[in-house]
Structures are given as C-alpha cells and as structure tokens.
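Which chain is which? The protein sequence lines are F and C, in order. The working numbering puts the first residue of the first sequence at 454, with every later residue one more than the last. The working numbering puts the first residue of the second sequence at 454, with every later residue one more than the last.
Take the hints with a grain of salt, since some may be wrong.
As the list claims (entries may be wrong) - Pulled a few chain C residues facing chain F out of the computed Cβ check, cut under 7 Å:
{"id": "1", "residue": "G525"}
{"id": "2", "residue": "S537"}
{"id": "3", "residue": "V548"}
{"id": "4", "residue": "R549"}
{"id": "5", "residue": "P695"}
What the hints assert, rightly or not - Computed beta-carbon distance windows for the label pairs:
{"id": "6", "chain 1": "C", "residue 1": "R515", "chain 2": "F", "residue 2": "F483", "range": "38 to 44 Å"}
{"id": "7", "chain 1": "F", "residue 1": "V691", "chain 2": "C", "residue 2": "Y632", "range": "27 to 33 Å"}
{"id": "8", "chain 1": "F", "residue 1": "E758", "chain 2": "C", "residue 2": "F699", "range": "51 to 57 Å"}
In short, the hints are calculated from the structure, not lab data. Backbone N, C-alpha and C define an ideal beta-carbon position, used for all residues, glycine too.
Protein chains: 2
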Amino acid sequence: MWVVENAAHGNRAYCTLNEGLGAVLRYGAFGDEVYERLRWMRDRLAPALARAIELHGPVDLRTLLAQALQMGDEGHNRNRAGTSLLIRELAPALVRANADRERIAEVLAFLHANDHFFLNLTMPAGKCALDAAAEQSGSSLVTVMARNGTEFGIRLSGTGDRWFTAPAPRVDGLYLPGYGPDDAAPDIGDSAITETAGYGGFAMATAPAIVQFVGGSPALAVETTERMRRITLAESPVYQIPSLSFRGTPTGIDVLRVVETGIVPAINTGIAHRLPGIGMVGAGLVTPPLACFRDAARALAETLEGEDDAR
Amino acid sequence: MWVVENAAHGNRAYCTLNEGLGAVLRYGAFGDEVYERLRWMRDRLAPALARAIELHGPVDLRTLLAQALQMGDEGHNRNRAGTSLLIRELAPALVRANADRERIAEVLAFLHANDHFFLNLTMPAGKCALDAAAEQSGSSLVTVMARNGTEFGIRLSGTGDRWFTAPAPRVDGLYLPGYGPDDAAPDIGDSAITETAGYGGFAMATAPAIVQFVGGSPALAVETTERMRRITLAESPVYQIPSLSFRGTPTGIDVLRVVETGIVPAINTGIAHRLPGIGMVGAGLVTPPLACFRDAARALAETLEGEDDAR
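Isolated chain F, as found in the complex:
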C-alpha cells in the first residue's frame, strides 16, 4: 500500500499498488491469474519497494507529477511518463536496499510492463490535496467525485460528509479487443479524484496522445481543458501545460459555476465489465450527471441560510 502525506497539512491518503490493465481485482476480475499476481505483489513486489522507499526517503510526488504533465501524461489514464520517472527515481535505492538480484529484476520488469503503475500515486496525491480543503464553511469547492457503478456522487467542502448522488452514466470510450459497449458497466471507481484535483480529464490538453486510449481527438483534448477553466476556481501554479504557454491546469471545481454554466466536469476513466470476474474492458470519457451538482448547490445554500438564521 502506498502512504501519501500532504507535507503542508499533515493529512494522509492511501492506495493499493497498481496491478495493471485487463483482468485485475480493482475492476472486479478474479480467478487464478488475478490471485497469482496479487500474491506476487504481496510477497515479492511490496517488500522490495518498501525497502527501497525506506532507503530513498519520501518521494516528492508533486514534482514527479508536474514533470509527467510536461511529458504527455494527464495523470489519470496516461501515466507512462510518471511511471518512467518513478522507476528511474527509485531504481538505485531498489538495487541498494534489496539483496536478491533476481527479485530486483522481476520488480523492475513488472514496473516497466505496467504504464499505469503511477496512477495509484496520482490518485492519493489528489485525495491528500483535496482533504486539506474539506469542511470549510460556505465553500462551494467540490472535494470528491466518486462512482460505484450505480451512482455518481460528489461532496462539497461546505457541506461536510454529505453525498449528493445521481445515477452513474455510461462511459463513451474505446474497448480492449473482444469487448464492446454491451459489456460495459456504468461509470465506476474513485479515480475521478484526479479530475477533482485538477488533472486527469482537466489536463487532457497536455496529453493529446491519450485520445488513442480513451477516444476523441487532440483538438477535443485542448477544448476539454479550456472548457474546464469555466467551472474552476484557479490555475495550478505547479501543474503546467507547455503547449498552452505553460498555463496551469484548471483546478478546484466550483459547484456554483457548474450549475450556472451547465458545464459538468470532464472525466477520463477506465471501463469495467458489467459482470463480476472479468475486469477492465476499455477506457473512455464520462459526462457526469448535472443533477447531483444542482442538489449540492441547493444544500450549500440551505446551510448558509441556516447560518444566517442563527446569527
């Protein structure tokens, strides 16, 4: 498990190690292939990585992600650069901290074969950043977007731990060989924390090559990032897009701007099979339901009215 800490605020987030694509537990796959990989990760990968991290010291995720966003990743469905940067950052310590060369080589080969390995660091990095902004009275900042295959839900900073939900939408995407839209479950997973934190779909302009994985065109990628500027509160001073003259990624979704404009957050995501046991079958673009943003804005307003009454 990764432990990610917000150095400024002290809060932590946690994430499993990424198994890869296809038949993986996090997309609902099970069976011998899945269990065998998980056992190898538990027995071989995790202890080797833990020793490497202990020797290396904390990895500066913000710097790695900032670099990766300048190398064609958007930090959600394209993580080839981030994974590459993590490998080269940890490799010397991995070698120094582990005695068994064959195991080190196995670990390096696994990381090399899994371009999504860095995803399970971008997600808790976003969670860490957003948790620090949670539960601020009156704040219209969206602090969580998550889906469970049935409902799409959000939380606002100003409404605490309340969920505002609506039916989970379908994903419009590209499929792995042998699968198609009829196999797809509705939108699922908590990876949309990356978009909530200002990258992923919000940073698509910096990752035009991602359209080969999630569909769309390079022009759509740029248009998507620009559209997200209309519903966000700021531009990241750290996560920059070179092709847009180094402008920061649109960061901090304002539920009021979503409701005013009718523009919903753009999410890139993986697609799970609708039946248990099979796993990931594709990736694509999601249009979240506007209803939960409307409900959240209304609840925020009621909260403020309540406070006014109390004064």
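Position chain C against the provided structure of chain F, taking the given hints into account.
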C-alpha cells in the same frame, strides 16, 4: 561506445556515451573532473551497460524515439523521456547481467542524473537512417549537416562526399548561470544530424517545454515545425506529433526547396565556450547560412549537366 545498426540496410553508426551537461569533454572541457568522469564511464559504466545489452539483445531505437516524441522530447536538446524509457527498458537486464549491486546502483543513478543520455542514441540513429540514403545520383536530399565551430557544412545525396560550407553562425540561446553570449563559440558539433533526420528542431512542436532550455515560445515551437514542412520531402510515418493530430515530423531536407523558399533548416543545439577547457555554457537556436545550400544546389545541377553531356 554505442553501435547502432540500420536493420533494413545493414549500415552502422557509432557514438560515445553521453557525459552530461556543463564541463564535458565533447564541449571542449578538460581537467580532473572531466577525466574522473570519463574514467568512471570507461571502467564502471561501459562494461555494465555492455553486459546488459548483451543479455537484453538489440534495443529498438525507432520505437523508443517514436514514444519519446509523444512524450515531449524532440530528440536533440530534450531527451528526458527517451532517457527514462531507455532506463526502464534496460534496468532488468542491467540487474541480471551484473553481479555487483553497488555498481548497478551507481550506473542507474548516473543515468537518472543525465537527461541527455539518450541523445547519443538519437544522433547515430539519424546517421544510420541518412547514410542509407547517401550517394543517390541526382538526389537533392541533404544527408549531413555538421559544424566545427568555424564552418557550417552540408552534404547532398547526389553530390557524394563533397562538403559545401559557409562560416558557422552564432547561436541565439539561453546560458547556464555565469555565462553569456560573449563566452560562446560559433555553432559547433555534429548533433544537427538529428534535424537532418527529421527530429530535433524539426520536431519542436511536440516538445514545447524545450523552450525553457533553448529559448523561444511554445508558439515558436509549433511554427518552426510547420515551416520545416516547406523544405522537406515527406512526413515521417513513425515519428508523430500528437498535438498536431499525429502528423509525422517533417523529414528529408530538399536542398532545392531550401534555395527556392530561402527557408533554412531550424536547429536546436548546445553552446560551447569559445575557449578550450570550459565546456558547454548554454543551448539555443541556430539559423544556418543559406550560402552552403545554394552552393550545393549549384553543384548538384552541374553534376546532372555532366551526366547529360555524357549521354
């Protein structure tokens, strides 16, 4: 030394291992720091890499470079992605093929600290591609651009091993701390083989972050690639630019188009100190002298007239 082979044509090119930036032999630096690094490279790095390559087998440079160009490298002055991809490609074999873990870790740390390591593979890759196109009767293809700090010289496919030269220009660029234009030697080095092969300056559009290293703006980077389409014969089917809807990089400089349009090839390059012993002091953009292209075109015409006379 790297040995790079053109698998389709069997010809080879060779290159040293990249030392890094700053005080390095290839930019004319000398002294203990330089010698010590070179001795370490000879005694520790090179044997370890050689064993890794022997175990791994040939590295597919075309695939690595194609990926790197989709990750914000242009393959001449920005090679962070290529270096990262090479590290992760070779790391498992490096660990398996070498017994001494401390040496493996040293090698991985050196590669991690030198984002230009992949440059010394993109150069011979370009040389290999272009040598296969050399010495074709009547061809107006530019097969070499090189500079020696005094002269800028080119060769054409249709004029064999003749050099056409003009005074080497100044480089317009950014300098390492403590240096400025007064310290700079005129344009020097054979790295412009990358532009001759269709990447480097010709692929700047895919590497907008490079402007922080060589100067200019992201808009200039795109404009440069588009301008190069007017003097080239084709678009690469392999080296693609995602942000330009995956169009290929402009490839194959036609000396006739250079002379007709007056547009000279765009080159990104490092800047050497004008005095021996110091090394690299910056990086920037070069505008080659049109005169050598004019002379080459005239000589090509004379060659063809000679052939006509002979018929």
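Status of each hint after checking the structure:
The beta carbon of C/G525 is positioned within 7 Å of a beta carbon in chain F (closest approach about 5 Å), and the interface hint is therefore held. Checking C/S537 against chain F: minimum C-beta separation of about 4 Å stays under 7 Å; hint holds. Because the closest C-beta pair between C/V548 and chain F is about 4 Å apart, less than 7 Å, the hint holds. Because the smallest distance between the Cβ of C/R549 and any Cβ of chain F comes to about 5 Å, under 7 Å, the interface hint for this residue holds.
For C/P695, the shortest C-beta to C-beta distance to chain F is roughly 4 Å, which falls under 7 Å, so the interface hint holds. A hinted range of 38 to 44 Å holds for the C-beta pair C/R515 and F/F483, which are about 39 Å apart. At roughly 29 Å, the beta-carbon separation of F/V691 and C/Y632 lies within the given 27 to 33 Å, and the hint holds. For F/E758 and C/F699, the Cβ-Cβ distance of about 52 Å falls inside the hinted range of 51 to 57 Å, so the restraint holds.
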